[in-house]
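First to last, the sequence lines map onto chains U and D.
Start counting the first sequence at 31; every next residue gets the next number (this note's numbering).
Start counting the second sequence at 31; every next residue gets the next number (this note's numbering).
Please note that the accuracy of each hint is not assured.
Identical copies look the same in the list; a pair holds intra-copy or inter-copy alike.
Think about it this way: if two alpha-carbon atoms lie no more than 25 Å apart in a straight line, the pair counts; the simulated DSS-like pairs of lysine-lysine are [claimed, not checked]:
| # | residue 1 | residue 2 |
| --- | --- | --- |
| 1 | Lys193 | Lys146 |
| 2 | Lys165 | Lys311 |
| 3 | Lys311 | Lys253 |
| 4 | Lys146 | Lys92 |
| 5 | Lys187 | Lys309 |
Just so you know, these hints were derived from the structure itself, not from any lab.
A quick note: this is a predicted structure, and the numbers were derived from the prediction, not measured.
Number of protein chains: 2
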Amino acid sequence: MRSLSIYQDFVEAEITSYNLPASPNNLYEPITYFLGLGGKRMRPVLALMSAELFGSPFEAAKDAALSVELFHNFSLIHDDIMDAAPLRRGQETVHKKWSENVGILSGDALLIEAYKTLANYPPEILAKLLPVFNKTATEVCEGQQWDVDFETMETVKIDAYIKMIAYKTAVLVGCSLKMGAIVAGASDSDANDLYDFGVNLGLAFQIQDDILDVYADQNKFGKQLGGDIIANKKTFLLLKAMETANEAQLRELKALSTTDDTVQKIDQTMAIYGALDIKAKATDKMNEYHDMAMENLAHIALPEEKKTPLRDLAEFLLGREH
Amino acid sequence: MRSLSIYQDFVEAEITSYNLPASPNNLYEPITYFLGLGGKRMRPVLALMSAELFGSPFEAAKDAALSVELFHNFSLIHDDIMDAAPLRRGQETVHKKWSENVGILSGDALLIEAYKTLANYPPEILAKLLPVFNKTATEVCEGQQWDVDFETMETVKIDAYIKMIAYKTAVLVGCSLKMGAIVAGASDSDANDLYDFGVNLGLAFQIQDDILDVYADQNKFGKQLGGDIIANKKTFLLLKAMETANEAQLRELKALSTTDDTVQKIDQTMAIYGALDIKAKATDKMNEYHDMAMENLAHIALPEEKKTPLRDLAEFLLGREH
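Working from the sequences, and respecting the hints, build out all of it.
Below you can see the structure in the form of structure tokens.
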């Protein structure tokens, strides 16, 4: 596949040269700061790759790619306030470095910038992009609200959890791909298949994230293992364990949620996960979404070799590369 | 003029029947609550009147009218958080009734709803509306940031104050009128004149607001007089006084800003305003914007009698009705 870094470098250059007013400084400096924190830029890269898949130069999807990245960063700035998160990518979050008010207003301005960037497309394309973008934007807010709601619930059904992660993260992956397809003039059917590919890929990726928190190779994993367990985060693993646990295991899981001994907490939770075969169950679920994504890709009316870059990227994101 | 209440009732009915999802409840209930707090609905009314001015049935501007009202309410919800305001129209603000996080996320969802409503227009109209809406939305954020910045500044130049109130409130009045004009197929020149009319009207209205806080007839005024003086709010009156005061008066104004005796604070501030003829100076400035607004209206290539409703509304808003 064409090296990922070609798309990433293009996105990075566009983000860096993105034209924001100089004033008011307290509104725009935080945006510039936050956009500069980097990240894999996976969503905009997918928009570019999607346009290329359907025969456009990838640069044609520049504004679609930028708008999803701007939107994504808006949602992170506001989520960081709601989660009271001090750090993002190892750097101070906006509300921590400035103030909550600055975080709120800069986030608002960034969301509007996303719409401004989208408005660069000609009327007929814009009219197709905007509903996709709007629907996704609403769903991301709904997903965030469910995530907040889930925190104070005793347990959450697996289906509700899947819907939450779909809305909170996976639909924006689908939206990125679909917008690239629209820009390149793909058929509705192909654009929708690519959207579904993105959502299923996003779900597989999110479940992998839950698995890696507990079962990653510590040498390759950037953070401390078991962070989700310590934080009582309702992951696919925990919810599946609660769903399949017997009464004694359920009591133990509840008791562990209030313990301060983090080593014991991780060890005993993992023991229950082991007894319930949670790793295999989560892996099955991840593979299920991966397989659905591949099926979505297979549906698209293009020669298979054209799809190789997206298939390779999916395998790479899901850690299946050779 | 056709009674204002015809437009207001139409807007109220559309707001009441506005279709929001039922779930997640914590996201949408606050929006329904806040939209139901009422208000004069002046911005959407202006969008409707503007469409009618240019020969459309006012209902054609329904979605433009709704989108400015949704946007306006989004900005109020977030501003209330930033201002730590407990009340809005005599009722609890969203962040007070629920939480700051709910206020942030509901506001975000409401801003996106504004864009969704706008996206109901056909491509060619949408492509004309969106840049106007986006530019205005950005300016409202910038105006709010300046307002926040001004709070901690010792003094502010009159020009900077005018720009702040223009961005924070007046441009949305202009945007409402311009969007109604665009929907009705007005020429660019007429749409721009109407935009300028709205901005100048908004500025006149805002300066009137500053004047009324000090010089209103207490029997007709809904709130306590002198509230801005007590709160050390940088109004046109205070800034004009600071600009024209001699050294002794300036020292006294500074001393008054830290006093706890509110009766004395209001009396002595008003004595300085009297000595400096501040009421007349503010009234002159208000009239200046009023006159410019009327000039903008005169430029519009329509028979004068067609413009009567907007002229009457302007006189009504500026308390000049007979």
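How the hints compare with the structure:
| no. | hint | verdict |
| --- | --- | --- |
| 1 | Lys193 to Lys146 | between (29 Å within a copy, 22 Å between copies) |
| 2 | Lys165 to Lys311 | neither (32 Å within a copy, 50 Å between copies) |
| 3 | Lys311 to Lys253 | within (23 Å within a copy, 64 Å between copies) |
| 4 | Lys146 to Lys92 | both (13 Å within a copy, 23 Å between copies) |
| 5 | Lys187 to Lys309 | within (18 Å within a copy, 64 Å between copies) |
Of the hints listed earlier, the one the structure fails to meet is number 2.
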